[in-house]
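If you read the sequences in order, they're chains A and B.
Each residue of the first sequence is one higher than the one before, counting from 14 in my numbering.
Each residue of the second sequence is one higher than the one before, counting from -8 in my numbering.
Don't read these hints as lab results, they were simulated from the structure.
Errors might be hidden in some of the hints.
As the list claims (entries may be wrong) - Using 20 Å as the maximum straight-line C-alpha spacing, the simulated EDC-like pairs for lysine to aspartate or glutamate come out as follows:
1) B:Lys73 / A:Asp146
2) B:Lys152 / B:Glu427
3) A:Lys410 / A:Glu149
4) A:Lys456 / A:Asp141
5) A:Lys36 / A:Asp47
6) B:Lys73 / B:Glu341
7) A:Lys410 / A:Glu142
8) B:Lys41 / A:Glu485
9) A:Lys23 / B:Glu341
10) A:Lys23 / A:Glu134
11) B:Lys73 / A:Glu197
12) B:Lys41 / A:Glu436
13) A:Lys133 / A:Glu197
14) B:Lys315 / B:Asp399
15) A:Lys133 / A:Asp146
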Amino acid sequence: MAAPVTNEWKWFSALALGVSLLKCLLINAYHSTDFEVHRNWLALTHSLPLSKWYFEDTSEWTLDYPPFFAWFEFGLSHLAACFDSEMLAVQNLNYASPATVLFQRLSVIVTDVVFIYAVKECCRGVWDEKRKDLLEQPSFILATLLLWNFGLLIVDHIHFQYNGLLFGILLLSIARHFQGRHLEGAFLFSILLNLKHIYLYITPAYGIFLLRCFCFTCSNADRSVQWRSFSVLRFTVLGLIVLSTFALSFGPFIALGQLPQVFSRLFPFKRGLCHAYWAPNIWALYNVADKALTVLGVKLKLLDITKIPKASMTGGLVQESQHSVLPSVTPLATLICTLLSILPALVHMWFRPNGARGFLRCLVMCALGSFIFGWHVHEKAILMAILPYSLLAVEQKEDAGIFFILTTTGHYSLFPLLFTAQELPVKILLMLSFTVFSFTSLKQLFRKGGRLLSTSEAVYLLGLVPLGLVCECVYPLTTWQKSFPFIPLLVTSVYCALGVIYAFIRLYILLFTFTDCGTEAKMKSQ
Amino acid sequence: MNDNDLNYWGLDYPPLTAYHSLLCAHVAKLIDPTWVELYASRGHESPSHKLFMRATVFIADLVIYIPAVLLYCFYLRDGSAKRRVAVALCILLYPGLILIDYGHFQYNSVSLGLALWAVVGLGLGQDLLGSVAFSLALNYKQMELYHSLPFFCYLLGKCVKQGLTGRGLFLLLKLSVTVLLTFALCWLPFLSDPGQVLQVLCRVFPVGRGLFEDKVANTWCSLNVLIKIRTILPSQIQLLCSFVLTLLAALPSSVKLLAKPTLWQLKLALVNSSLAFFLFSYHVHEKSILLPALPVCLLINDLPLMSIWFLLVSNFSMLPLFMKDGLLMPYVVTTLGFLFFSVYLLSALERTTVAELRLESYQRLTHACLPTLNLCSVVKWKFFLSLVGMAALSLASMLLDPPAALPDLFPVLISVFSFLHFLGLFVYFNLVQLTEPSGRKNQKKAN
Chain A
14 MAAPVTNEWK WFSALALGVS LLKCLLINAY HSTDFEVHRN WLALTHSLPL
64 SKWYFEDTSE WTLDYPPFFA WFEFGLSHLA ACFDSEMLAV QNLNYASPAT
114 VLFQRLSVIV TDVVFIYAVK ECCRGVWDEK RKDLLEQPSF ILATLLLWNF
164 GLLIVDHIHF QYNGLLFGIL LLSIARHFQG RHLEGAFLFS ILLNLKHIYL
214 YITPAYGIFL LRCFCFTCSN ADRSVQWRSF SVLRFTVLGL IVLSTFALSF
264 GPFIALGQLP QVFSRLFPFK RGLCHAYWAP NIWALYNVAD KALTVLGVKL
314 KLLDITKIPK ASMTGGLVQE SQHSVLPSVT PLATLICTLL SILPALVHMW
364 FRPNGARGFL RCLVMCALGS FIFGWHVHEK AILMAILPYS LLAVEQKEDA
414 GIFFILTTTG HYSLFPLLFT AQELPVKILL MLSFTVFSFT SLKQLFRKGG
464 RLLSTSEAVY LLGLVPLGLV CECVYPLTTW QKSFPFIPLL VTSVYCALGV
514 IYAFIRLYIL LFTFTDCGTE AKMKSQ
Chain B
-8 MNDNDLNYWG LDYPPLTAYH SLLCAHVAKL IDPTWVELYA SRGHESPSHK
42 LFMRATVFIA DLVIYIPAVL LYCFYLRDGS AKRRVAVALC ILLYPGLILI
92 DYGHFQYNSV SLGLALWAVV GLGLGQDLLG SVAFSLALNY KQMELYHSLP
142 FFCYLLGKCV KQGLTGRGLF LLLKLSVTVL LTFALCWLPF LSDPGQVLQV
192 LCRVFPVGRG LFEDKVANTW CSLNVLIKIR TILPSQIQLL CSFVLTLLAA
242 LPSSVKLLAK PTLWQLKLAL VNSSLAFFLF SYHVHEKSIL LPALPVCLLI
292 NDLPLMSIWF LLVSNFSMLP LFMKDGLLMP YVVTTLGFLF FSVYLLSALE
342 RTTVAELRLE SYQRLTHACL PTLNLCSVVK WKFFLSLVGM AALSLASMLL
392 DPPAALPDLF PVLISVFSFL HFLGLFVYFN LVQLTEPSGR KNQKKAN
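Working from the sequences, and respecting the hints, build out all of it.
Right, here's the structure in full:
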C-alpha cells in the first residue's frame, strides 16, 4: 500500500477499538468460578504477607500460579481498593458486587493492551507490499484472526481469565525472535513462565531453538550444526537472563524455605486424567473406548459388573479415576507420551533449522502435542496452539487449511464452557462470524493455490453444525438430559478430538515434506 | 376484550401490533403456558422468558428491518461495494434504535423497517408495493403518521406530474384503492362493529394526556422552562396551537416535494416532516426522535457529517431514559462505537467542502458581513464542541448528583441542549431541501 506510514495502521486501531468496545458489552455476562479464583487471589495477596501466600486455603481456590502472577494480582489489588475494598477480604467468599465485576472485567480489558501491542508487532512481520487491497493484506487478516479470536474472547471476557496478557507476552516474544532480537524474546518467555507455568509445554521448543540458532552462531551449507561456532558469551548471557528472572520470582520463597509447598501448589497431580469438561485430546478417546469396551464386556459376560469401579470421570476436579478394561494411565505415562510426540519435531529443528518460522512451527507442535497427550489438560489450552499458529496460517496455503480445521474444532470444543441460555446467542453468533471470516479471508488470500479444504474435511467441519444443534437445542429438551447429562460433552469432545489429532498428524506430514527454500530468502530479509 | 383491565398497560397501538403480539403469544404458549396467563403472568420476568421476548425483537429485526437496510444500501448506485457495506454497517450501528428496541424493549424496527421498505419500493418505482408497505407500517404504530405527509405528497406529486387527466388519475385511483384495501384487511375483525372502531381510535390517539410528558427535547418542553405554558393556556388552545404550528412547520418541505417528487426530495422531506412533528406536535415521547432518525440514516452517505451529528444528538437526547433503564454501559459503548466507526468508514471529517456540506445558502448569508469566514471549519469546530458538550453532560448525569433545589437539572439540560441542536438541524435540512435547484442532476435512481 502506498499510503503514508501513519495512515497504514488506522485500520488496526479501528479493529482494536471495535473489539474493546465489544468486550465492554460482555461485562455483565456470565462468569465462571475463575472469577472467584482471581478475586480470592486479589484478597490474599493484598491482605496477607508473602510468607502466607502459598499456604492460605480459606477458599478452595488456592494460589496455583507462579509468583509473578501473584505479584500482578498484588498490584491490581491496590487499584481494586478504589472500586470496592470488600472484595479484598479473604473471608468474603464468592463476593461479586457490581463494582467488583466492573473492576475485574476492566482489568482484563485494560491488560489486553499488551496483547494488542504484540499483535501489531506480529503484523509488521507479515506485511506484504504487493497486496494493494486491505482486505487481502495478510497483516489485516492476521490482526483480525488474533484480535477478534473467538476462543480468546469467550475464555477471557466471559468465562474470565487473563489469557490476553499472557498470550500477548508470548506473541511478543515470538515477534522478537522474528525480528532477530533473541535475548529479548528469551527474557519475555522467562517472565511468561513465571506468570503461568502451563507454558512449560513449549519450553523444549524455546530451549532447542535458542541453543541451536542463537548459541551456535553459524551453520554449514547443508544447515547442520557447526560445533566450533558455539558462542560461550551468548550462552552465558542467555543463562544469566533466565536464571535471574527465576531467581527474582522464586527467590523470596527459597529464602523462606517454602519451595516444596509452592511446587505442590503449582503441580497438583492429584487431579484426574481429564478435566471436568473433557478436553478433546487422546485421553478423551481412550476414556470412551474404555467405557465402550466395558459396556461390551458386561453385555458379553466377559467382565464381572461388581468388579468395575463406579467411575465418574466427567465430574469434579479432584478425582483420580481408574480405567476398567484398558490399562490405567499415570501422569508419568502421559509425560512419556508427550515427549515422544514432540521429539521428532525437536530433532527436526535441530538438524534442519529454519530460522524463526521453523521455531514457530516447532512451538505449535509442542503445544499441540502436549495438549493431545498431557495430564489434566484444560480445553482452553488449545489456544496455545491456535494463536501462534495464526502467524503461519496467513503465509502458506497448507498451513491455512490445517489452521482452519484446528481452529474450528478447537473453538467448538470451548462451547461447553458457556452453558447458560443467555450466552447461547452470543457464542453462536461470534463463532459463526469468526469461522466465516477466517474461511473466506484465507480462501481469498490463497485463491491462486487451489482449494483450501478437501471434501472430507469440509464434510467433517460441516458436521459440527448438526452436532451443535443437537447438543445445544435438541438434547436439553429430551428426557435423557436428566439421566445422562454428560453425553453432549462426551460427544463434543470425541468429535473435536478427531479434528485436533488429524491436524496434528497433518502438521507432522507438512513438517517433513516441507521444501523450505522460499522462506530462507524471506527470513534473511527480516 | 371485556375482562381486560385497561389501566395495566392497555393496548394502545393499532391492530397489526396486536396481531404480532398474538403470534408471539402462540409461540410462547408452546414453550411455557404460564408466560401468557391473563392476570397471573403480570410482572413475570424469568430468565428464559426474557430471552424469549428479546429473541422476538431480534427475529422481527432480522425479518423486516435488516433486509430493508441491506436492500437500500445495495441499491445505492454510487460508491464501490465496500462503500455500500460501510453505509449499511453505519445505519445498522445507530445506537438509538438498538438501545430502545433491545434495551428499553420495543418493536420499533418493525414499523421503521416497513417504512423503509416503503421508501425502497418507491425508489424502485414500485409505487403500489411502497404504499402497501407504508400502510402496514401505519397500522403497526400510529406514530408513523409523522412520515405520512411526505409519502402522501410524493405520490400525489407523482400523479400530478403524470397528468391528472390521464395516467396520473389512473395511478391515483390505484393507490387509493390499495391503501383502503390494506387498511380494511388490517381492521377486518373490528369493522363488524362501529363502536369497536371508535374504541380502537380512542386508545390509539389519547388526546387526554397532555402537551408533553417527562422531559422531551421539543419546543413545548423547552419553552416550558421559561414560561409555564402548560399551566397558562387551556388544553384546547394547547392542542390547537401545536396542531397549527406543526402543519406550518411541515408545510414548506411538503409543498416542495409536491412540486418535485424525486427520491432525494422524499428522503429530505421525511426528515423535515418528522422533525417538524417532533418539535411541535402534541404529547411527543422522547422515543419519537427515532422517526426523524431513520430518514437521516438514509442521508448518511450524502451528508455524512451532519447526519452523524444529528444521530449522535438524537441518541444523547434519550439519555435520561437509558439511565432509568440501567443501560449506561451499552449507551457508552454503542455511542462511542457508532461515532468512531461512522466517522472513520465514511470519512466524515474529510468530506467537508462547502459544496459537500451543502452550505451554499449559509455562505450567501454570511458572505455579506464576513466574507473571509471559513464556514467549513466553523462547522467542524461546532461539531467538536457539541461532542464535548454531550460527553460532559453525559458524565455529569452519570456521576454527579443534582442539587436539591433542582432535582431535574440534568434531564432539563439534556433536553434543552438537544432541542437547540434539533432546531438548528431542522433549519439546515429545510434549507438543503428547499434550495435545491429544479434541474438538479440526481445521483440516485430518480423517478
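For each hint, the structure was consulted:
Simply put, Lys73 (chain B) and Asp146 (chain A) have alpha-carbon atoms about 11 Å apart, close enough for the 20 Å limit, and the pair holds. A C-alpha spacing of about 18 Å is found between Lys152 (chain B) and Glu427 (chain B), which places the hinted pair at or below 20 Å, so the restraint holds. Restraint check for Lys410 (chain A) and Glu149 (chain A): the C-alpha separation of about 14 Å stays at or below 20 Å, so the hint holds. A threshold of 20 Å between alpha carbons decides the hint, and for Lys456 (chain A) with Asp141 (chain A) the separation of about 17 Å falls inside it, so the pair holds.
A hinted pair counts as satisfied when its Cα atoms are at most 20 Å apart, and Lys36 (chain A) with Asp47 (chain A) qualifies at roughly 17 Å. Among the hinted pairs, Lys73 (chain B) with Glu341 (chain B) is consistent with the structure: their alpha-carbon atoms are about 18 Å apart, no more than 20 Å. A C-alpha spacing of about 19 Å is found between Lys410 (chain A) and Glu142 (chain A), which places the hinted pair at or below 20 Å, so the restraint holds. Between the alpha carbons of Lys41 (chain B) and Glu485 (chain A) the distance comes to roughly 19 Å, so the proposed pair stays at or under 20 Å and holds.
Restraint check: the Cα-Cα separation between Lys23 (chain A) and Glu341 (chain B) comes to about 15 Å, which is no more than 20 Å; the hinted pair holds. Between the alpha carbons of Lys23 (chain A) and Glu134 (chain A) the distance comes to roughly 15 Å, so the proposed pair stays at or under 20 Å and holds. Proposed proximity of Lys73 (chain B) and Glu197 (chain A) is contradicted: the alpha carbons are some 41 Å apart, above 20 Å. Proximity of Lys41 (chain B) to Glu436 (chain A) is assessed by CA-CA distance (about 13 Å); at most 20 Å being required, the pair is judged to hold.
Of the supplied pair hints, the one linking Lys133 (chain A) and Glu197 (chain A) holds, its CA atoms being roughly 17 Å apart against a limit of 20 Å. A hinted pair counts as satisfied when its Cα atoms are at most 20 Å apart, and Lys315 (chain B) with Asp399 (chain B) qualifies at roughly 13 Å. For the hint linking Lys133 (chain A) to Asp146 (chain A), the alpha-carbon distance of about 19 Å falls within 20 Å, and the restraint holds.
The structure fails to meet hint 11 from the earlier list, while all remaining hints are met.
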